[in-house]
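Student: For reference, the chains in residue letters:
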Amino acid sequence: MPHALATPDSYLTDFRTFETNLPDEGPDWIREVRQQALARFRELGFPTARRGNEKWKYTNVGPIADATFSYPFDAGAEVSLSDIRSVAPWDDGWATVVFVNGRYSPALSTIVALDGVQVTNLEEAVRADGDVIERHLARHATYEDDGFTALNTAFLRDGAFVHVPEGESLQSPLHLIFVTAEGAEPGVSYPRTLIVAGARSELTVIESYVSLSSSRYLTDAVTEIVVGDGAQVEHYKLLLESEGAFHVAVSRVHQGEDSVFSSTFYARGAAIARNDIQVLLDAPGSSCTLNGLYMTSGSQHIDNYINIEHAKPHGTSRLFYKGILDGESKAVFGGTVLVRPGADKTDAHQEDKNLLLSEKAEVASKPSLEIYADDVKCGHGATAGTIAEDAIFYMRSRGLDLETATAFLIKGFASGILDKVRVQPLRAFLEKLTTKALWGSRFGQAS
Amino acid sequence: MSARAGNHKGPLLEVRDLHAGVAEVEILKGLDLTVNLGEVHAIMGPNGSGKSTLANVLAGKPEYKVTAGEVIYEGSNLLKLTPDRRALDGIFLAFQYPVELPGVREREFMKTALDAIREHRGLEKLSVREFNKLFQEKIAQMEMSPDLVKRSVNEGFSGGEKKRNEILQLAVLEPKLALLDETDSGLDIDALKIVADGVNKLRGPSRAIVIVTHYQRILDYIKPDFVHVLIDGRIVRSGGPELALELEAKGYEWIKEAVESGERLSV
Amino acid sequence: MTTPTKTKVISRKTTDLDTDYKWGFVTDIESDLAPKGLNEEIIRLIVAKKNEPEWMLEWRLRAYRHWMKLNYEEPKWAKIHHPPIDFQDIYYYASPIKEKSPGSLDEVDPELVEAFNKLGIPIEEQKKLSGVAVDAVFDSVSIATTYKKTLEELGIIFCSVSEAVQKHPELIKKYLGSVVPYTDNFYASLNAAVFSDGTFAYIPPGVRCPMELMTYFRMNTEGTGQFERTLIIADEGSYVSYLEGCTAPMRKSNQLHAAVVELIALDNAEIKYSTLQNWYPGDKEGKGGVFNFVTKRGKAAGVNSKISWTQVETGSAITWKYPSVILQGDNSVGEFYSVALVNNYQQADTGTKMIHIGKDTKSTIVAKGISAGHGQNTYRGLVKIMPSATNARNFTRCDSLLIGDKCGAHTVPYIEVRNPTAQMEHEATTSKVSDDQLFYCMQRGISEEDAQHMIINGFCRGIFKELPFEFAMEASQLLKVSLEGAVG
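Residue numbers (this note's numbering), protein chains in the order written: chain A, 1 to 447; chain B, 448 to 714; chain C, 715 to 1202.
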């Protein structure tokens, strides 16, 4: 593995320009946070897969470290709503917040009646310096040990801020769209999202990363989600970046007592994608469900790094990820279920299943358990393999051709995740996308 | 070893004003019961009346707490004894939900238990050969598969096999007081006959049997000497085998109503 | 050249140590000790002592120079913690015998014979274990090998590695370091540089070894490192079952054990390798104990070959070992069955690697971890399916049992699949002995302690059945003794 510790000089230059251009208003603490994060990034640089770095064991970020990305990322790009609707799920009933190349676009956003829920651009929210922001922003996604988070935090400006007050609930889903438009040269954006769901509140939120560009660019995203006591948050993340894109995202979830968090991750795109989710069940009785479906082809590389930390008793977690791999693509699954001392009656299960459709596709899976409490029920499973030949034979003997039979089985494999998508228009969109992927490109060609 | 065996005169088991429950919830609310050697008792009652609680309290299941009353077994206080000591003294519980012990072979399990019980009774341990012979006899009697000995205790058993296995263990360990907790549930009629046969063979002057059941069906095959009706943690009526038939015909509602109207009958 | 000083090592009674380890006695014996520390001189000295040929010296020196380049940087990825090891404060050569190897047992110090008797491993011809040929290794040196004659008649070579270097240099040259090269890892490099003895076995084509071969390792002298090296070659169509057992006296200081085991199975050959590891685990406060950093690997080189590892690990303060199989031959089979138990302050990071290269290769991994006291137990295992391994199969099952709330159980599988026809499955569970299970057993008259033992034994049964019968009984006893005080 080559060392990926590139001199982050260009990022330092970018930062000086960025800081100079920032408006004067806003609290001091955010400046300090940015500066500390930058300092930390200077020390950490980009992660390497060198000896002992288990977090990045199977992913080489050399191509990201070696490339140069311009910042700010071509803010003048022309994007229309119909452009976005051609690549992202859409429903007229959803409140939609759009960011283009990392910058908030008021013109494209439609924030309809929001039942007392606050949805704003993060920059405005920070300027107003609410107590909620200071208490949570950059507190859950710590940049101490992660270069990408540090870099995102250093460039923290635009992004989504969602606050559902105690007892309130948002009736229809909120859609956050981060769209990358064609720029003059490869650029980088630093999307940032903070979602705070107060006690006993309810929220469904969709985070979509879509692309109108076919060129190479970097999305370095950080999302923080706070699920208050008894709150219920349903989170969907769609990674639909261009095939040349690099997407590195960190999501940090903090759960209160008896809270329920569910996450569904859907990925189809990006040359290198990293999906790093960490859920902290920090109070008794909380539960989380993390589902994921990723489809890769060509020379794509996806790394799902999912950590669940049970810190208090009576927590439940379910992790269920599935991958469909074609071409010379590679999928990595890593992550740990950690049960802290005293977190008795924890019930945790994680599972990663992979379907390999081509001879050159590769899987590296490392689903770990780290358990320090004795009264627990924990398990994990992982499988990798190709499509069952007897099932294919069975279907062909009923008159289906090979391609149809194969597609049926792959769809069946994917439906285990897609069937759990509870937002109907979103499920329809994802099913269509999956079918298209299976029938188009090289999917369904396996024998 | 127990020196009490044989010396004790009077009832085998006396339950007096027993109050007990789980996690602060009182389930038994003043239960009285007397059982002598040689007798077969049936305790009947609707779901939630406290039947299984009684069986588990007598066997000493740790999460059941006794809050008042006493249980005298062979003349001394049973409640201070650990579950294994009660088993050594001759109490056997046929579990409603027998527990799986992965990797622990049935033969090894029964041999260990029988060795401990025989030692406690002042008897020689059986040799491996003697034990195998005895065990195979009992397995044949219960019409179970001979390869049972090699299987893990209750692991992968069907519901009916588990229940039969409980009676097999009862036959091997030959206790003084056998408590059968819903042994008939989950058994088809053929299996029920085999189980009942097994129990009937064990009837005799040196043993007492307490059958806890919701339905009267098993009592067609094991004739009780006494039938008790347990409702809301108390025995509200006692009688002979005819009481079971009456219950079967009229249901529990009839007795409940009688109890609620303040009538408390016993024979 | 430095000449070793002959030292009378006076053993101290170690009864002040708080432990139930019953193998903890010390044998008073005159030891031939090289000075502490490691340099090229020491390696030359070991070579001279053992009268090894020039090519061995060169190989050892290459290993040493490679190790020096690692700059005392031990592997860091395992989930273990220990104070730094001063590699210059260790005796790299300790021999309990005179200048020359004894020609017959009569020349062996009776103290030594008695020591092995005490361990239940009699080496005298008239008392020897029936059906088991034993190579007894004391500190760095092989003391005696039983049943040599019987085996020789079948063409089986069973002797110390030192003897094999003298008598069978062609086999040593061909196979030593062929599975675990001296560059493999930090401890394997160190071992190649300084290993003093170990067991060598060669089973000729078509021969089914009629008895178990066994090596018993005894670490005695304080401050010594034990660096044995085992090499077993099963030629075409042969079969051998090999056992290894080990104990050490109780010492307040930690002792380093860095062994290397290499197995080679040629076409249609099978090697079954069983270990009962019972090195001194340290006392109840975690003082003392053996650092057991071992590299074990087999190459299923031939078609239809099979290598099977079974281990019961109850000893050592720290265990770091991953008995692995390279499945090179088509249709070859690799197996790993393991019970690892930690109690008090013991740490274990153990598992396996199954590297599938040949077509239609199959591997099975069953690992059972038991954690008690403040013990930390990690299963770490790699299953790697290479592009060439068409139709490879793997099944992995890891179960952990926790006893008490101060210990930890961790499962870290690495699964790398590079061929779509592979089928691999990994399952893991973590649980404790349930109250319902205990109550059920106690209701049948079994005491709580016996019930615990019975359930834990049941948990390990799938592993114990892979062991030869006598070993299985001993393993069960070891578990019971190791868990005393942890249960209840």
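To be clear, the hints were calculated from the coordinates, so they are not data collected in a lab. Glycine included, each C-beta is placed from N, C-alpha and C at the ideal position. Possibly wrong hints are sitting among the right ones.
Taking beta-carbon pairs under 7 Å as the criterion, some of the chain C residues facing chain A (in silico) [what the hints assert, rightly or not]:
{"no.": "1", "residue": "Lys1076"}
{"no.": "2", "residue": "Thr1078"}
{"no.": "3", "residue": "Asp1119"}
{"no.": "4", "residue": "His1124"}
{"no.": "5", "residue": "Ile1129"}
{"no.": "6", "residue": "Ser1148"}
{"no.": "7", "residue": "Leu1152"}
{"no.": "8", "residue": "Asn1171"}
Student: If a hint holds in the structure, say so; if it does not, say that too.
Tutor: We went through each hint and held it up to the structure:
1. Lys1076: violated, 14 Å
2. Thr1078: It is violated, given that the least Cβ distance between C/Thr1078 and chain A is near 15 Å, above 7 Å.
3. Asp1119: holds, 5 Å
4. His1124: holds, 5 Å
5. Ile1129: Hint on C/Ile1129: holds, closest Cβ of chain A at ~4 Å, below 7 Å.
6. Ser1148: Where the cut-off is 7 Å and the nearest Cβ of chain A is about 10 Å from C/Ser1148, the hint is violated.
7. Leu1152: Nearest chain A Cβ about 13 Å off; hint violated.
8. Asn1171: violated, 19 Å
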